[in-house]
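Protein chains in written order, with my numbering: chain U, 2 to 289; chain Y, 2 to 292.
Wrong hints could be hidden among the right ones.
[What the hints assert, rightly or not] Computed spacing ranges between beta-carbons, pair by pair:
1) U:61 / Y:52: 49 to 59 Å
2) U:15 / Y:154: 12 to 22 Å
3) U:75 / Y:52: 44 to 54 Å
4) U:198 / Y:202: 50 to 60 Å
5) Y:276 / U:15: 38 to 48 Å
6) Y:236 / U:142: 25 to 35 Å
[As the list claims (entries may be wrong)] Stretches of chain Y that chain U covers, calculated by requiring three or more beta carbons in the stretch to come under 8 Å of a beta carbon on chain U:
7) 118–128
8) 268–275
Don't read these hints as lab results, they were simulated from the structure. Positions of the beta carbon are idealized from the N, C-alpha and C atoms, including for glycine.
Residue-level listing of the chains:
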Amino acid sequence: MKIGTFPRKFRRGIGRILDWEGTPYVAIILVLCYLLFPFYWILITSFKSIGEVFTWPPSLIPQDFTLSPYAFSLIYTPVPTFLANSVIYSLSVAMFIVAVGSITTYGLTIYSYRGSNKISLAFFATRMIPPQCLWLPLFILYKKIGLLDTRPGVIIFSIILAYPLCVWILKGIFDAFPRELIDSASIDGCSRLGILYRIVMPVIAPGIAATAIIAFLWTWGDFMFPFLILDSESLKPLTVGVYYFEGEEGVMWNALCATMVLALVPGVAFFFIAQKHIIRGLAAGAIK
Amino acid sequence: MKISNAKFGFLCSVPGVIGLLVLLLYPMAYNIYVSFLRYDNIHPIMFNGLRNYRWIFSSSDLYHSLRVSTIYGLGSTGLALGLGLVLAHSLHRITKWEGVFRTLSILPWAAPLVISGFMWRWMFSTDMGIINHLLRRLGIVNENIEFLSRPYLSLISGMLATSWSYAPFMTVLLLAGLESIPGDVYEAAGIDGADQLQKFWHISLPLNKHQVLIASVIVFMFTFRTPDIFFSLTGGGPAKFTYHVGLFLLNLMYRYLRFGRAGALSILLFMIISGFVFPMLYYGIMKRSKS
Chain U
2 MKIGTFPRKF RRGIGRILDW EGTPYVAIIL VLCYLLFPFY WILITSFKSI GEVFTWPPSL
62 IPQDFTLSPY AFSLIYTPVP TFLANSVIYS LSVAMFIVAV GSITTYGLTI YSYRGSNKIS
122 LAFFATRMIP PQCLWLPLFI LYKKIGLLDT RPGVIIFSII LAYPLCVWIL KGIFDAFPRE
182 LIDSASIDGC SRLGILYRIV MPVIAPGIAA TAIIAFLWTW GDFMFPFLIL DSESLKPLTV
242 GVYYFEGEEG VMWNALCATM VLALVPGVAF FFIAQKHIIR GLAAGAIK
Chain Y
2 MKISNAKFGF LCSVPGVIGL LVLLLYPMAY NIYVSFLRYD NIHPIMFNGL RNYRWIFSSS
62 DLYHSLRVST IYGLGSTGLA LGLGLVLAHS LHRITKWEGV FRTLSILPWA APLVISGFMW
122 RWMFSTDMGI INHLLRRLGI VNENIEFLSR PYLSLISGML ATSWSYAPFM TVLLLAGLES
182 IPGDVYEAAG IDGADQLQKF WHISLPLNKH QVLIASVIVF MFTFRTPDIF FSLTGGGPAK
242 FTYHVGLFLL NLMYRYLRFG RAGALSILLF MIISGFVFPM LYYGIMKRSK S
């Protein structure tokens, strides 16, 4: 379909509307209504009493504002345990990835050797393996070596998923690092690991932090595998734990919404703090 | 004891590489092995030849769930692409409050998929849902709609929830592509009197089409293989109308404990995904790096 075949007046009209400076703002605000309303709605629900939640029609603003859903889920349910578990899993994965991933990437990019480019590509290719295809073999292998229903089991799986992505993101960051700085440091007699920790890392700290955040959020949102391998309430992360609120007689929506708000906090907070770096990292990881 | 730079690079990266390969390739190889076993947690494990594959291919659930996944993936990708195009082009043009708008438009990304499924389930609720309330207030419908228990509607609801989750990802990728188009192309077009529609149709879209292709393929791949949203939104129902292929795999291994058959399905899934995703991505990336 060529644009010239549109009726001329009609096309001119659309063109003029789009030309108006305010159009992109209007478009963004319209789309944002769709993207942000769910957040508003669960936030509002999390401040409603159980009686109000089950009344029709639902009110757009809580009639009697209450914090009891939060109090309920934080005191009478294992939600604090779920939260702590999510933090433990996500932090361990993020720390591991920064510690090991930065050394791996440092070797792969700065001191390239025969085949190092191919290895980087192999890292990228492994991202195409669907995590779904690892559920079954890892489940059986975990059963054999006793990792079912353990913390390391969850952490190892998340590392397998996040590690290639993060190495790929780190590669972009290391590649952009000015070579002259490394060369002059090594002429000054700085050891190669010293260069990494004293010269490279401080400069690329924002990128490293963004990578850590990405690994953190990745693990934070992981659901299916932890759900498959974890049985004990005391080990479940928040994404699995939300099923606590789905009982035989229905769902406790206000307490569930309060818990979901807690599950959204880290992601939202990180995006507000480091939007630019995270986006750059994720875009690089997804396409390059 | 000074070792060469290349050797140093090798030593630095080898533990991570080997570790990852062992943790990834060994399970994949083991998966292939399991797919040839009679492994149903009842009978003793024994070699089964191709019987698991034969069973999978004769199962109507396979074709049904693949169809559901494909329709769902295409629908979600289409919706996310529409939203992404509008958002990316608008964000590219604005000059005020750019940072705030960018942050706000990627926020759905912060929601884990299973949480997103719960959020939308609550909004789609028949008796207490806000969407029904708003539709009735606006006079569009007269009685509450059962979004999640009507056959085709449940699939469409799933697409809406999913496109909500993936729109930010789409936007980020498209925006990265748009920003790499040099600004003077637009300037020149503006001097020649092109309006925004012409600029979009004759500049942005052609110059960004490989990015659009890559982003769409990636989102399709994610939605085709990830059942998390349906797990919490509909649980596969009503009557398997949202029986995503990931849910089929999950049921085989977790509910029926048919590990051999689940292994065969895993391998099949892997081959389907690599069969159409690899060529598409390869094509997109090659084309882009050439242009």
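Checked hints:
With their beta carbons about 57 Å apart, residue 61 of chain U and residue 52 of chain Y fall inside the hinted range of 49 to 59 Å. The supplied range of 12 to 22 Å is broken by residue 15 of chain U and residue 154 of chain Y, whose beta-carbon atoms lie about 32 Å from each other. For residue 75 of chain U paired with residue 52 of chain Y, a C-beta distance near 51 Å keeps the hint of 44 to 54 Å intact. About 51 Å separates the C-beta atoms of residue 198 of chain U and residue 202 of chain Y, a value consistent with the hinted range of 50 to 60 Å.
Residue 276 of chain Y and residue 15 of chain U have their C-beta atoms about 40 Å apart, which keeps the hinted 38 to 48 Å range intact. About 28 Å separates the C-beta atoms of residue 236 of chain Y and residue 142 of chain U, a value consistent with the hinted range of 25 to 35 Å. Judged by the Cβ-Cβ criterion of 8 Å, the segment 118–128 of chain Y is covered by chain U as claimed, because 6 of its residues qualify and three suffice. Here the segment 268–275 of chain Y counts 5 residues with a CB under 8 Å from a CB of chain U, which clears the bar of 3, and the coverage holds.
In summary, the structure is inconsistent with hint 2 from the numbered list given earlier, while agreeing with all the others.
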